[in-house]
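Student: The task is simple: from the sequences and hints, build the whole structure.
Protein chains: 2
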Amino acid sequence: MAEKITGNMLIAQSGGPTVVINQSLVGAVLEAKKHARIKGIYGSLFGVRGILEENFVDLGKETTATLMRVARTPSSALGSVRRKPSEEDCDIIFTVLQKYDIRYFFYIGGNDSAETTNILNENARKVGYDFHCFHIPKTIDNDLRENDHTPGYGSAARFVACAVMGDNLDNRALPGVKINIVMGRHAGFLTAAGTLARIFPGDGPHLVYCPEHPFSLERFLTDVDAVYKKTGRCIICASEGISDGKGEPIISRYTRETDSHGNIQLSGSGALGDLLATRIKTELKISRVRADTFGYLQRSFPGVVSEVDACEAFAVGQAAVRQATAGVRDGSITIVRKPGKTYGVEYRRVDISKVARQTRHMPGDFISKEGNDVTEAFIAYAKPLVGKLPEIAQLKTFPVRKK
Amino acid sequence: MAEKITGNMLIAQSGGPTVVINQSLVGAVLEAKKHARIKGIYGSLFGVRGILEENFVDLGKETTATLMRVARTPSSALGSVRRKPSEEDCDIIFTVLQKYDIRYFFYIGGNDSAETTNILNENARKVGYDFHCFHIPKTIDNDLRENDHTPGYGSAARFVACAVMGDNLDNRALPGVKINIVMGRHAGFLTAAGTLARIFPGDGPHLVYCPEHPFSLERFLTDVDAVYKKTGRCIICASEGISDGKGEPIISRYTRETDSHGNIQLSGSGALGDLLATRIKTELKISRVRADTFGYLQRSFPGVVSEVDACEAFAVGQAAVRQATAGVRDGSITIVRKPGKTYGVEYRRVDISKVARQTRHMPGDFISKEGNDVTEAFIAYAKPLVGKLPEIAQLKTFPVRKK
Chain A
38 MAEKITGNML IAQSGGPTVV INQSLVGAVL EAKKHARIKG IYGSLFGVRG
88 ILEENFVDLG KETTATLMRV ARTPSSALGS VRRKPSEEDC DIIFTVLQKY
138 DIRYFFYIGG NDSAETTNIL NENARKVGYD FHCFHIPKTI DNDLRENDHT
188 PGYGSAARFV ACAVMGDNLD NRALPGVKIN IVMGRHAGFL TAAGTLARIF
238 PGDGPHLVYC PEHPFSLERF LTDVDAVYKK TGRCIICASE GISDGKGEPI
288 ISRYTRETDS HGNIQLSGSG ALGDLLATRI KTELKISRVR ADTFGYLQRS
338 FPGVVSEVDA CEAFAVGQAA VRQATAGVRD GSITIVRKPG KTYGVEYRRV
388 DISKVARQTR HMPGDFISKE GNDVTEAFIA YAKPLVGKLP EIAQLKTFPV
438 RKK
Chain B
38 MAEKITGNML IAQSGGPTVV INQSLVGAVL EAKKHARIKG IYGSLFGVRG
88 ILEENFVDLG KETTATLMRV ARTPSSALGS VRRKPSEEDC DIIFTVLQKY
138 DIRYFFYIGG NDSAETTNIL NENARKVGYD FHCFHIPKTI DNDLRENDHT
188 PGYGSAARFV ACAVMGDNLD NRALPGVKIN IVMGRHAGFL TAAGTLARIF
238 PGDGPHLVYC PEHPFSLERF LTDVDAVYKK TGRCIICASE GISDGKGEPI
288 ISRYTRETDS HGNIQLSGSG ALGDLLATRI KTELKISRVR ADTFGYLQRS
338 FPGVVSEVDA CEAFAVGQAA VRQATAGVRD GSITIVRKPG KTYGVEYRRV
388 DISKVARQTR HMPGDFISKE GNDVTEAFIA YAKPLVGKLP EIAQLKTFPV
438 RKK
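The listed protein sequences derive, respectively, from chains A and B. Under my numbering, think of the first position of the first sequence as 38, with each following residue one higher. Under my numbering, think of the first position of the second sequence as 38, with each following residue one higher.
Hints were generated in silico from the structure; no laboratory data involved. A couple of the hints might just be wrong.
In this list, chains with the same sequence are indistinguishable; a pair is considered to hold if it fits within one copy or across any two.
What the hints assert, rightly or not - List of simulated lysine-lysine pairs, PhoX-like, C-alpha gap at most 20 Å:
(1) Lys-136 x Lys-163
(2) Lys-440 x Lys-98
(3) Lys-71 x Lys-98
Tutor: Take a look at the structure:
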């Protein structure tokens with residue numbers, strides 16, 4: 038087994054970008070610079086595609102000043118890819134890794150990227166290639182198993198919370214029904230973060246629908262009707278991946294595009310919001326109904342960053358390199374929340390296979406019994422991850438006596 | 038004619054909210070507190086609807102601390118409305134104004150709200166009601182005549198610039214065609230602001246379509262094809278109001294909902310983006326095509342604020358009260374840019390009718406000859422309005438020599 042071997046390091050980014058994914062890249066690179074066993078520090082452009090094409094950049098030559106500025110820049114600085122390597126790919130990859138004497142390999146991404154890392158790791162064992170192979174977590178969806186939460190989530194959750202906070206103020210001024218479609222195929226964490234926008238009594242979102250709970254259009258209309266009749270307005274947050282009782286996504290009736298990991302393309306279409314809005318208009322006879330699909334803005338918006346998230350993203354990159362240089366052969370770095378009242382985390386290694394492929398869902402106690410809201414447990418969980426939200430205020434509203 | 042009369046003041050907000058519309062409210066209220074002729078300082082809830090329903094709050098009782106916090110809170114704190122008063126409404130309104138001895142009236146809004154203010158002002162003259170009547174400008178669309186720019190635009194433009202900046206980084210990482218639909222019925226100012234996201238060579242948006250230039254789907258596809266073939270990706274910013282050669286909005290084929298000012302409801306639907314994306318997919322055979330409709334997020338997002346915009350929004354509220362208390366009977370406050378290299382503005386009064394109803398369009402020299410981009414003149418115009426954008430960086434990318 039590999040133990041403290043000397044050679045070059047290769048790092049790459051994969052899957053959907055986040056606002057803090059470059060923190061992980063830079064955390065790993067700056068840590069690597071401290072270790073004599075790591076010689077060249079290379080970046081592969083566009084994930085595994087860069088290995089197949091031998092398209093590497095020398096990150097060791099970048100100045101710390103540049104790296105620190107890149108760390109604060111959204112989206113994957115090395116480029117990204119959604120590609121599951123085939124057996125043929127693996128053959129090429131190991132030829133390339135050997136040719137460039139890559140002995141430390143780090144892949145930053147979500148569960149699909151963990152799967153890719155795992156495939157490479159398993160293949161390395163098979164062909165007897167001696168290297169350190171680590172997966173570094175990232176995903177705004179917050180759906181990696183073994184993790185309390187994932188780098189990228191806090192900042193995306195902050196974006197969603199801010200967006201809904203503004204939307205709630207907008208909707209108070211011009212009342213009506215407003216639907217917000219939030220990213221999340223199978224996990225409702227990001228959609229649920231909209232509830233952090235609740236500051237004053239009566240604030241939206243008034244209804245929240247996550248993919249973990251079967252979505253019924255009839256029940257939905259009943260919910261909206263009840264809120265609207267009571268308050269004269271209604272703000273809804275719904276995941277793009279809300280599904281019917283059979284697990285069929287509501288939106289999948291409209292699109293069938295899939296990627297190489299078999300995921301249906303849900304984002305970047307207003308179809309779900311428009312569908313829900315139309316049903317409310319026609320069946321509840323409410324005239325002012327609007328829908329926004331937050332889309333790609335959620336994951337790369339510069340300036341809307343959770344400080345906690347940025348620090349943790351840096352730390353997981355660092356932790357992976359520390360583990361590898363300490364002699365650990367492989368693994369995925371996970372974030373574990375420390376028990377106690379004060380928020381704190383630690384970074385632990387788990388087998389890559391434990392985070393690969395399958396996704397994590399919202400725990401049952403995060404979703405209300407009715408399936409149309411979150412619980413206090415979710416709020417307590419999510420609050421420390423997004424940081425202090427912008428302060429908003431209300432007039433005290435002293436009524437003028439009618440004459 | 039009214040000159041330095043003593044009585045109560047009424048202020049209201051109307052039309053689409055902005056991130057800085059409360060700055061104007063607070064600017065006016067704090068200024069009013071300084072003038073002895075202004076007795077009660079009342080706010081009408083939900084624009085003119087509050088007058089019809091005698092639904093007023095006493096803003097004079099609010100503390101400066103509360104008011105300053107409200108100033109920094111997005112969206113209309115008094116609530117808003119889209120309502121053009123009928124003759125019947127006007128009769129009721131003047132009875133109410135008299136009953137509450139309202140001698141100073143301020144209406145914060147866009148061109149439709151200016152129209153409402155103008156109707157009230159004209160009617161006041163007819164019925165011989167003695168009051169000061171002012172329109173205070175606001176609109177993210179930046180389409181008020183007589184104004185260099187309008188409060189609300191700078192912050193919304195900042196949101197759009199940031200969104201496109203993030204989107205460009207996202208699209209560099211995962212290349213494809215990306216369409217961003219930006220608010221703007223008749224004016225392309227907000228869409229054009231996406232170009233402020235260009236920091237490094239090759240940065241998007243690569244194509245920009247404003248309502249001022251006739252939109253041809255064929256020409257659009259040719260443009261996208263050319264950019265995509267050259268660079269392997271393409272970011273597009275298009276106004277929701279892009280129209281064909283006959284002035285028919287492309288999107289109006291899909292929706293017919295209108296408000297009482299006769300405006301077609303364009304926002305809050307992904308239909309235009311989806312339509313354009315589908316045409317690119319089917320006709321150009323490009324597989325990764327995505328569309329986002331920025332929707333309502335553009336106008337009320339907390340924390341994404343241009344400092345210049347916030348200050349100017351406060352100042353126009355202040356200016357209106359100063360004019361009125363100085364004895365000027367009526368008017369609309371406009372922002373005029375001072376000539377010279379350093380950015381600076383002054384606030385001038387014009388007749389309300391001059392900003393009411395019709396909207397302002399992008400000057401011809403802001404749009405490129407081909408109609409698919411902006412000019413340097415636009416960039417120079419818009420840059421000082423949005424403030425310093427978040428800093429982003431790129432790796433220097435030192436290639437590793439192939440072996």
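Student: Indicate, hint by hint, whether the structure satisfies it.
Tutor: Going down the list of hints, with the structure as the test:
1. Lys-136 x Lys-163: Within one copy, since 18 Å is at most 20 Å while 89 Å is not.
2. Lys-440 x Lys-98: Close across copies (19 Å), not inside one copy (76 Å); limit 20 Å.
3. Lys-71 x Lys-98: within (14 Å within a copy, 62 Å between copies)
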